[in-house]
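Here are the chains, one letter per residue:
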Amino acid sequence: MPTPSLRDAWLRRSRTATGLVAAGSVAGVGLFAALAAEPHHTVTATSSTASATSSTTAKSVAASGSTATTTTTLQSPTTTPTSSSTSTTTHASSGGS
Amino acid sequence: MLATTLLQSKVLWYVMRASGLVALVLLTLTMVAGIVNVRRFATPRWPRAVIALLHRNVSLLAVVFLGVHVVTAILDTYVSVGWLAAIVPLTSHWDRFWVGLGTLSVDVMFALIITSLLRSRLSHRTWRAVHWLAYASWPLAMAHGLGAGTDTGAVWAEAVYALSALAVVGAVGWRLRQPTGRTLPTARRPTLATGARS
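Chains A and B, in that order, are what the protein sequence lines are. The first sequence runs contiguously to residue 97 in the working numbering. The second sequence runs contiguously to residue 198 in the working numbering.
To be clear, the hints were calculated from the coordinates, so they are not data collected in a lab. There's no promise every hint is true.
Derived, one-sided and incomplete: chain A residues facing chain B with beta-carbon distance under 7 Å [said to hold, decoys possible]:
#1 A17
#2 V21
#3 S25
A short list of chain B residues far from chain A (calculated; beta carbon distances all over 10 Å) [as the list claims (entries may be wrong)]:
#4 Y14
#5 L21
#6 Y161
Covered by chain A, per the in silico footprint, the following chain B stretches (three or more residues, Cβ under 8 Å) [stated by the list, open to error]:
#7 22 to 33
#8 50 to 61
#9 146 to 156
Quick reminder that beta carbons are idealized off the backbone N, C-alpha and C, glycines included.
Please construct the entire structure, taking both the sequences and the accompanying hints into account.
Here it is as structure tokens:
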């Protein structure tokens, strides 16, 4: 049987922990809402394009065997996904994301 | 005026999505705390009574955020869910199946909460039988999030789902590895003021 002081300490600890979880949850709603408001599909489009490009790069390197080809090909992700990311932004901001 | 502005803006839509994810995280924490507590996990800093209280408090917090999620989903005008769909599964106007899984999860959670609040009036066997439903509530909520969640596919949302799954699977695995028969009879279990037994 716990002593009253030990019981009080346990209650305080559980309240503190609950308070921290509650504060974290409220912060989490803010964070997730901010992330949800961003057009996340842009990231997906960029990464998929980047991976597609890197596989192209690998093939180019294998074919030519030169590092110059690698550098040139890797620059394409910064320009290629522009059109796809713009269209996704419109979709996400309309609420469907 | 403020209500109209809220309804017309996208705030409700974003809060609905965010509160759903937070409710899933809180449900995960509740599950993990319940699972480790039932196997008498304790440390000097985290005795069983504290874990039991945390389990109860976090589950009530999960209900609060679940309430926010449901209310904002109903009020938001982008998708038509409907009040009935918050209680009766498979009646949503939008994404009937996946929203229905969420409704089922909510129903199970409310059964758990109500029976836990009335625990002193129920037999331990009845309470325990209903509490086993918690193992159905979490996967239903997870499936609802993955199927109906419009953030599924985003790296951050996938990370939340993956970490939640890892936590619950880890806790269940840990529980299964523990030798059976270690739980104490109900009468001998430590209690702390509010009936926080497990």
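Hint by hint, here is what the structure shows:
1. A17: Because about 5 Å separates A17 (chain A) from the closest Cβ in chain B, which is inside the 7 Å limit, the hint holds.
2. V21: holds, 6 Å
3. S25: For S25 (chain A), the interface hint holds, since the closest Cβ of chain B sits about 5 Å away, which is under 7 Å.
4. Y14: violated, 4 Å
5. L21: violated, 5 Å
6. Y161: Since the minimum Cβ distance to chain A is about 12 Å, Y161 (chain B) lies beyond 10 Å and the statement holds.
7. 22 to 33: With 4 residues closer than 8 Å to chain A, the region 22 to 33 of chain B meets the three-residue bar; holds.
8. 50 to 61: Held - the region 50 to 61 of chain B has 6 residues with a Cβ nearer than 8 Å to chain A, which meets the minimum of three.
9. 146 to 156: holds (count 6)
Against the hints set out earlier in the document, violations occur for numbers 4 and 5.
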